[in-house]
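Given chain A, work out where chain U should sit, using these hints.
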Amino acid sequence: MAATIQIHEMSAADTGADKTSGTVRFKDADNATVDANNPLVVPSADTIYSYTKKLRPYMEDAPDTNISNLRWYTDGNNGFGTGISVTVKNIGTTWGANYKTAMSGGEDLFGKTSGSPLDGDGTDAGPFVPADNDSYIGDLIELQMAVASTASNGALSAETLTLAYDEI
Amino acid sequence: MTSVQNNYRWEAEKADGTIVTEGGDLTGCVRFSLVPQVPGLVRHDIVGVPMVRRFGRGFIRVMGDSPPEYLHCLVCPGYRLYVRSSDGGAMITPEDHEVYL
Chain A
55 MAATIQIHEM SAADTGADKT SGTVRFKDAD NATVDANNPL VVPSADTIYS
105 YTKKLRPYME DAPDTNISNL RWYTDGNNGF GTGISVTVKN IGTTWGANYK
155 TAMSGGEDLF GKTSGSPLDG DGTDAGPFVP ADNDSYIGDL IELQMAVAST
205 ASNGALSAET LTLAYDEI
Chain U
248 MTSVQNNYRW EAEKADGTIV TEGGDLTGCV RFSLVPQVPG LVRHDIVGVP
298 MVRRFGRGFI RVMGDSPPEY LHCLVCPGYR LYVRSSDGGA MITPEDHEVY
348 L
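Here the protein sequences come in this chain order: A and U.
Number 95 in the numbering used here belongs to position 41 of the first sequence; there are no gaps in the numbering.
Number 264 in the numbering used here belongs to position 17 of the second sequence; there are no gaps in the numbering.
Keep in mind that the hints were calculated from the coordinates and are not lab data.
Any given hint might turn out to be false.
In silico contact screen, one side only, chain A against chain U (beta carbon under 8 Å); selected entries [to be verified]:
1. I59
2. T119
3. S168
4. E213
5. L217
6. A218
7. D220
8. E221
Covered by chain A, per the in silico footprint, the following chain U stretches (three or more residues, Cβ under 8 Å) [what the hints assert, rightly or not]:
9. 250-258
10. 302-309
The structure presented is a predicted model; accordingly, all values stated were derived computationally and were not measured.
Built from N, CA and C at the ideal position, the CB exists for glycine as well.
In isolation and in its complexed conformation, chain A is listed as follows (with noise of 0.2 Å):
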């Protein structure tokens, strides 16, 4: 059997629910909830940010041998249209309380495609082997909603972020 592996939106520095497949909304509190509440308010001027989120790769269950070659992408286009930008970055292992201010050192999620991924693994380094199962595997990731006072009212569709892996 291959492994299976699952994107968690992290709580704590080893908690999390799983979200593989599902919906991470950026909202004004800072909670996991899929849900209406806590909107992002379109500001009269300058910008708002969301409660920054976390997202982990876990190991469900095991791989014969090892996972490795973690990295995370879009498909490089921002659907959210004018005035709402994400930004991310690696965060490495060392949880943090999610917060609403602008996140430093970010870059744009959507400049993060297939060929130029966001590393996954770079201080949580793999090959992850089956000694992994059921914990945590790779860097948590950060990640945040901008709005600007020239974004349009009204809900977004979703956008999609890959995790890739290799497995042998």
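Relative to the frame of chain A, chain U by itself:
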């Protein structure tokens, strides 16, 4: 329901008849097979060519509606064979070509 990464089981055969089902090194193997584990997928048997190694590549998603995918990759001198686990579709690329979906 079988997860997409388990739609196929792989095995290789060495010249002495030994069957290999773990690891990545295929040096000396004379057959590499992808055996469907669910109905409707075609079996792949690669024989009679030198082989180097194999690996799988998983793709899982959040925040969108793209389904997960899993590629089986056979690396041979001069080319690679990638097979999609979802539908059995295959593609040939140069030996150093990395496919990301």
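Hints versus structure:
Annotation: interface hint on A/I59 holds; nearest CB of chain U at approximately 6 Å, less than 8 Å. For A/T119, the suggested interface contact is upheld, since its CB lies about 6 Å from the closest CB of chain U, less than 8 Å. Nearest Cβ of chain U to the Cβ of A/S168: about 4 Å, under the 8 Å cut. The hint holds. For A/E213, the shortest C-beta to C-beta distance to chain U is roughly 6 Å, which falls under 8 Å, so the interface hint holds.
Against a cut-off of 8 Å between C-beta atoms, the interface hint on A/L217 holds, since the closest Cβ of chain U lies about 5 Å away. Satisfaction of the interface hint for A/A218 is found here, the shortest Cβ-Cβ separation to chain U being roughly 5 Å, below the 8 Å cut-off. The restraint placing A/D220 at the interface with chain U holds, with a minimum CB-CB distance near 5 Å, inside the 8 Å limit. With a least beta-carbon distance of about 4 Å to chain U, the hint placing A/E221 at the interface is held under the 8 Å criterion.
Check on the stretch 250-258 of chain U: 3 of its residues sit with their Cβ under 8 Å from a Cβ of chain A, so the three-residue criterion for coverage holds. With 8 residues having a beta carbon nearer than 8 Å to a beta carbon of chain A, the stretch 302-309 of chain U meets the requirement of three or more and the stated coverage holds.
When the structure is compared with the earlier hints, no violation turns up for any of them.
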